[in-house]
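Following the hints, put chain B in place on chain A, whose structure we already have.
Line by line, the protein sequences give chains A and B. Counting from 1, one number per residue, gives the positions in the first sequence under full-length UniProt numbering. Counting from 1, one number per residue, gives the positions in the second sequence under full-length UniProt numbering.
Worth flagging that the hints you see were computed from the coordinates, not collected in a lab. Worth double-checking, as some hints may not be accurate.
Identical chains share a label here; the pair holds if one copy fits it or two copies do between them.
Claimed, not checked - Capping the alpha-carbon separation at 25 Å, the derived lysine to any residue pairs in SDA-like fashion look like this:
no.	residue 1	residue 2
1	93	308
2	143	222
3	119	325
4	93	20
There are 2 protein chains.
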Amino acid sequence: MKPLALAIATASIAGCAFAIEPIQVIEPAVITQPEKVALGERLFFEPRLSRSGFLSCNSCHNLAMGGVDILPTSIGHNWQQGPINAPTVLNAKYMLAQFWDGRAANLQEQAAGPIANPKEMALEHAIALEVLESIPEYQSEFKAVYGSAGINLERVTDAIAAFEETLVTPNSRFDLWLKGDKEALSTVEKQGYSLFKANGCATCHNGPAAGGTMYQKMGLMQPFVTDNPAQGRVEVTGREGDRMVFKVPTLRNIELTYPYFHDGSTYDLKQAVITMQRVQLGRQIRDEDAASITAFLKTLTGDQPRITLPILPPSTATTPQPAPFK
Amino acid sequence: MKPLALAIATASIAGCAFAIEPIQVIEPAVITQPEKVALGERLFFEPRLSRSGFLSCNSCHNLAMGGVDILPTSIGHNWQQGPINAPTVLNAKYMLAQFWDGRAANLQEQAAGPIANPKEMALEHAIALEVLESIPEYQSEFKAVYGSAGINLERVTDAIAAFEETLVTPNSRFDLWLKGDKEALSTVEKQGYSLFKANGCATCHNGPAAGGTMYQKMGLMQPFVTDNPAQGRVEVTGREGDRMVFKVPTLRNIELTYPYFHDGSTYDLKQAVITMQRVQLGRQIRDEDAASITAFLKTLTGDQPRITLPILPPSTATTPQPAPFK
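One chain only, chain A, in its complex shape (with noise of 0.2 Å):
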């Protein structure tokens, strides 16, 4: 208990007026290995990292548009339909572990995930290191940063995972009022804010990313319809009691990352709401109660990062020539 008491006195000394909220403040990015964070955002533009030359971690987590695809499932190699929702890249370094099932434990793990998943960027590790190796440009880059030459599947998702954890969202409106101002946020989105945690949204939805802190099934108290073939978390440890159960996913810029739930079966950020106090929490929400919610939740929105368009070094006479149509 003593970090928490020492929070309330530290809070009572400084004289603020805040209580200790369910959702923390989300603190812009401190940026100690620039070089590091440039080749991964490099890396994360890079389409040579899939079969077809075309598609890139942007692709699919697109930072124009809140890290997403705005799509229900993503489109792969050869279009293949996807699984699952991406889930965003925004704050994703705040999620206990990646991928709705957490099959991945930190960013570097699941950066190797898509590059070779064959729905995904098709792309077979050892080539897409070939393709790497074979520009004199990253051979310069990653020495520079690790050291020493080479150039192989740990580096190139480490710095993935560098540039990632740059990729947060901080001065959301909700964070401004965390940290004291009362006008950021307006009356209804305040009474969103304390019906949120009164009907118990925020025991999932907590920490820093308002979620990404445990599992929890999906239809709780009943079940979630859906089309969507993905059974959570018993994919990963093979216990029964894990079918349907997936990561929380955050709540944070929420309002760009639809289409919601893991099966991204809503466009409707207030139907969502209703549908999760229905199947989580087993309550018949009034509407305007849910349009408050809903303004609250659209308070999350921080800044979202700025990023200037890496500029990609050509390929070489031994760069692996990209197959989309093979």
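Showing chain B alone in chain A's frame:
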């Protein structure tokens, strides 16, 4: 003849040593309407202008990669294979017309094509306009730029064209040399440029973009063998003499805009030089000469436009939803 005489006179007066060269300097963009350019930039990155919600202008004219997709032919809606190599958007303002066959008179006319082309972005113009109209931020931006409410195809394509006009690549080493910096090119690069002129390349590849000033038959002296079905300008004019006549492509940033030719049939720039000498000029060029021309061509890479990725405004309840798999 007056302007030419004047130019020579001016050069004399200024005491410069430069001769009249077939390729002229590319000057930096002068932006007189920043709001219109910013709106056009958003639209250029806007995937909701495609039926799938996944493809934007930047998908095939990737500003991270020389304004192209580095593929022989592009990937369109439902992974359809495009009919022809995507030309770069960089310095496209210098082209006498747009598309390989010149079927669009200018950038504005061009911009409308791919949005509705069923093999490209595959979205009816009416729905594209409905998407933009449904988003309040776009409504107010169009009003601010055009002085009255309303979003129509003319305004959309005018804004995209205004952005594309800024996509020029000044300060290449060749431009520095043109401006009088004799050290900007190496001996072999200068030799390559002399050969480029002496061998007749500059007959077609001239003007600021080193191309785009005329149409020319592909396979003038010897047939250009290709599987690509494009027949060139005959499809626009109906004149048999225009069969296999294409717009001469720009050589600016040619190092970045592989693979080469309208069929994207080679990734190897020196090989492309050898092929062009053979089919256009009927000459079997020596390997070392092709190498020095290639070295010269690589001096045409200029400053790439530095783009801050736009943050796109969210869809609303009335925004037509993307249909990637229908």
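Hint check results:
1. Within a single copy, residue 93 and residue 308 get their C-alpha atoms as close as 21 Å, and across copies as close as 23 Å, so both meet the 25 Å cut-off.
2. Taking the shortest Cα distances, residue 143 and residue 222 never come within 25 Å of each other, neither inside one copy (54 Å) nor across copies (47 Å).
3. Within a single copy, residue 119 and residue 325 get their C-alpha atoms as close as 14 Å, and across copies as close as 15 Å, so both meet the 25 Å cut-off.
4. Taking the closest pair of Cα atoms, residue 93 and residue 20 come within 25 Å of each other only inside a single copy of the chain (22 Å); across copies the shortest separation is 58 Å, beyond that limit.
Hint compliance for this structure: hint 2 alone is broken.
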